[in-house]
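Peer 1: Given the sequences, and given the hints that come with them, work out the whole structure.
Here's the letter readout for the chains.
Number of protein chains: 2
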Amino acid sequence: MQSFYDKLESIWEKNNSLVCVGLDPDAEKLPSALKAEKYPIFEFNRQIIDATKDLVCSYKPQFAYYAGCGALEELQMTIDYLKEVCPEVPVILDSKRGDIGATAEQYAKEAFDIYGADAVTVNPYMGGDTLQPFLERKDKGVIVLCRTSNPGSGDLQNIVDQATGKTIYMTVAEKAANEWNSNQNLCLVVGATYPEELKEIRSAVGDLPLLVPGVGAQGGDAQASVNNGKNSRGAGLMINSSRGIIYAFAKAGTDNVGEAARQATLELKNELNQYR
Amino acid sequence: MQSFYDKLESIWEKNNSLVCVGLDPDAEKLPSALKAEKYPIFEFNRQIIDATKDLVCSYKPQFAYYAGCGALEELQMTIDYLKEVCPEVPVILDSKRGDIGATAEQYAKEAFDIYGADAVTVNPYMGGDTLQPFLERKDKGVIVLCRTSNPGSGDLQNIVDQATGKTIYMTVAEKAANEWNSNQNLCLVVGATYPEELKEIRSAVGDLPLLVPGVGAQGGDAQASVNNGKNSRGAGLMINSSRGIIYAFAKAGTDNVGEAARQATLELKNELNQYR
Numbered sequence: 006m007q008s009f010y011d012k013l014e015s016i017w018e019k020n021n022s023l024v025c026v027g028l029d030p031d032a033e034k035l036p037s038a039l040k041a042e043k044y045p046i047f048e049f050n051r052q053i054i055d056a057t058k059d060l061v062c063s064y065k066p067q068f069a070y071y072a073g074c075g076a077l078e079e080l081q082m083t084i085d086y087l088k089e090v091c092p093e094v095p096v097i098l099d100s101k102r103g104d105i106g107a108t109a110e111q112y113a114k115e116a117f118d119i120y121g122a123d124a125v126t127v128n129p130y131m132g133g134d135t136l137q138p139f140l141e142r143k144d145k146g147v148i149v150l151c152r153t154s155n156p157g158s159g160d161l162q163n164i165v166d167q168a169t170g171k172t173i174y175m176t177v178a179e180k181a182a183n184e185w186n187s188n189q190n191l192c193l194v195v196g197a198t199y200p201e202e203l204k205e206i207r208s209a210v211g212d213l214p215l216l217v218p219g220v221g222a223q224g225g226d227a228q229a230s231v232n233n234g235k236n237s238r239g240a241g242l243m244i245n246s247s248r249g250i251i252y253a254f255a256k257a258g259t260d261n262v263g264e265a266a267r268q269a270t271l272e273l274k275n276e277l278n279q280y281r
Numbered sequence: 006m007q008s009f010y011d012k013l014e015s016i017w018e019k020n021n022s023l024v025c026v027g028l029d030p031d032a033e034k035l036p037s038a039l040k041a042e043k044y045p046i047f048e049f050n051r052q053i054i055d056a057t058k059d060l061v062c063s064y065k066p067q068f069a070y071y072a073g074c075g076a077l078e079e080l081q082m083t084i085d086y087l088k089e090v091c092p093e094v095p096v097i098l099d100s101k102r103g104d105i106g107a108t109a110e111q112y113a114k115e116a117f118d119i120y121g122a123d124a125v126t127v128n129p130y131m132g133g134d135t136l137q138p139f140l141e142r143k144d145k146g147v148i149v150l151c152r153t154s155n156p157g158s159g160d161l162q163n164i165v166d167q168a169t170g171k172t173i174y175m176t177v178a179e180k181a182a183n184e185w186n187s188n189q190n191l192c193l194v195v196g197a198t199y200p201e202e203l204k205e206i207r208s209a210v211g212d213l214p215l216l217v218p219g220v221g222a223q224g225g226d227a228q229a230s231v232n233n234g235k236n237s238r239g240a241g242l243m244i245n246s247s248r249g250i251i252y253a254f255a256k257a258g259t260d261n262v263g264e265a266a267r268q269a270t271l272e273l274k275n276e277l278n279q280y281r
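Quick note, the sequences are listed as chains H and A, same order.
For what it's worth, our numbering labels the leading residue of the first sequence as 6, then goes sequentially.
For what it's worth, our numbering labels the leading residue of the second sequence as 6, then goes sequentially.
Don't read these hints as lab results, they were simulated from the structure.
Take every hint as true, because none was put in to throw you off.
If several chains are the same, the list does not tell them apart, and a pair holds so long as it fits within one copy or across any two.
In silico EDC-like links for lysine to aspartate or glutamate, alpha-carbon gap of 20 angstroms or less:
hint, residue 1, residue 2
1, K114, E78
2, K88, D118
3, K180, D166
4, K58, E93
5, K34, E110
6, K34, E78
7, K114, E33
8, K114, D31
9, K143, E14
A quick note: this is a predicted structure, and the numbers were derived from the prediction, not measured.
Peer 2: So, in C-alpha cells, the structure goes:
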C-alpha cells in the first residue's frame with residue numbers, strides 16, 4: 006500500500022503543483038442554473054474537479070459545508086468521484102477531529118473507511134494519545150493543527166511554555182516531528198497568514214509536509230508561503246485555496262464554474278512555482 | 006426562548022439529578038436481538054431513553070459513534086425522539102467542533118439547525134474568534150473543552166504560560182468565564198479523572214455549568230467530582246456516564262437494556278446526590 010507521503014511525492018512530481026483546492030461549497034453561492042440540480046453541490050464540485058485535476062496536489066473537502074446543510078451524501082459522492090477520475094490525487098477530509106482514544110477510533114473509521122479519504126485533519130488540544138488511533142493507520146495521512154490561519158489563532162497557540170521557552174505551536178510542531186510521527190504519516194497545518202511562524206516551523210520539522218490554508222480570501226501571501234514553507238526539495242507544501250478557486254466564476258462574471266476554476270488554479274499554480 | 010442555562014436549572018430541579026447519559030452506542034456491542042432491527046442503534050437508544058428520562062439532567066450523543074459506522078440517520082432519529090418524549094431534557098451533541106469563523110458558522114448550523122441539539126461541544130485550540138459563531142446562538146449552549154479526561158490531556162493543557170504563570174486549562178477557564186461568555190451560554194468540559202483541576206476550575210468560574218466526563222469506565226471518582234465540581238447551589242454539573250450505563254445490560258447478564266440502564270442511572274444519581 007502506497008503511503009500518504011509517497012502519494013504526495015508522486016502528485017507533486019506528476020502535476021508539478023503545490024495547489025490544494027478546498028471544496029467548501031456554500032449552497033447559497035452556487036450558480037443559479039446548478040441550484041435546480043438534484044445534487045447541486047456534487048455537480049458544482051464535479052465541474053471543478055474535471056477542470057482542475059491535472060493542476061493540483063490535493064483536494065480538501067471541508068466537512069462543515071456538507072454537514073451544515075444536510076448534504077453529507079454529496080460529500081460521499083464527491084470523494085467517490087475523486088477516487089474514480091483522479092485516484093492519484095490525495096483527498097484530505099478537513100474535519101478537525103479530536104477526542105479520547107475509543108472515540109478517536111470511530112473518527113478514524115469515519116474518515117478513512119466510511120468516506121474513504123486519504124488523510125484527515127485533527128486537533129491536538131486533547132493530547133498525543135488522542136492522535137494515536139489516526140496515526141496507527143499507516144497508509145493514511147494525519148494532518149495536525151499547529152498554527153492556524155485565523156486572526157485569533159494566537160489566543161492559545163502563541164502562549165510561551167514557562168518550562169521550555171517555546172510557544173504552544175512550536176511545542177506541537179516539535180512533538181509532531183519528534184514524538185508522534187513513528188509511522189511517517191503526519192503532516193501539520195500552518196496558516197499562510199503567519200509567514201514568520203511558517204519559517205520557524207519549517208526549520209524545526211525537516212521535510213514534513215505542511216498544509217497551508219489562508220492564501221486568497223484570508224489574505225495570506227503566496228510568495229512568502231512558498232519561500233518560508235518549502236522543504237529541502239522545493240516541495241513539502243499543500244497550499245490551499247478554496248474561495249479564490251471555487252467562486253472564481255462569480256468574480257469572472259460567468260456561470261462556467263469549471264473554466265473559471267481552472268484559470269484561477271493555473272494562475273495560483275504558476276505563481277507558487279515561481280518561488281520553489 | 007428559554008436559554009440553555011435556564012433549561013439546565015429546570016431539569017436539575019425537576020429530575021433532581023446530575024447524571025448526563027452518554028449515548029455512544031458501538032454497533033458491535035449491542036444485544037444480538039437488536040442487531041436484526043432495521044435501526045439497531047436507534048432502537049438501543051430508545052430503550053435507554055424510555056427507561057432513564059426521569060433520572061437525568063441531559064443526554065449526550067457522541068457524534069463519532071454514529072459517523073464511524075455510517076449511522077448519522079440514527080443520530081438524527083435519536084435527537085428527534087428525545088425532543089418528542091422529553092423535550093425538557095437538554096441534548097448535547099458531543100462533536101468537539103472547531104474551525105475558522107465562516108466554517109464554524111456551518112458547524113453551528115449542523116448542531117443546532119440540522120440535528121436540533123440544545124448544546125454542542127467545541128475545541129478552543131484555534132482561539133476565541135472560532136467560538137463566536139456558536140456563542141452568538143443565544144438560546145443554545147456552547148461547551149468548551151478545558152481540561153479533558155484522557156491520560157494525555159496534560160500534553161498541552163498543563164503547559165504553564167510564561168507571561169501569566171497559569172496553565173493552558175486555567176487560561177481557557179478564565180477566558181471562558183470572563184471574556185467569551187457575554188451571552189451567558191458557555192459551559193466547560195472538565196474530566197472527572199482530574200479532581201484537583203476540577204476544584205481549581207470551579208473556584209475560577211463561579212457558577213458556570215460544567216460537563217464532567219470520565220466517571221465509570223475511565224476511572225473518575227463520583228464523590229470527588231461532586232465535592233470539587235458543584236457550584237454554590239449544589240448543582241452546576243452534568244456528570245456524564247456512557248459505557249457504565251448503556252452497557253449495564255451486559256454486566257448484568259441480561260438483554261434488558263432499559264432496565265439495566267435505569268438501575269445504573271439510578272445508582273449513579275443517588276451516589277452523586279449524596280455529595281451535593
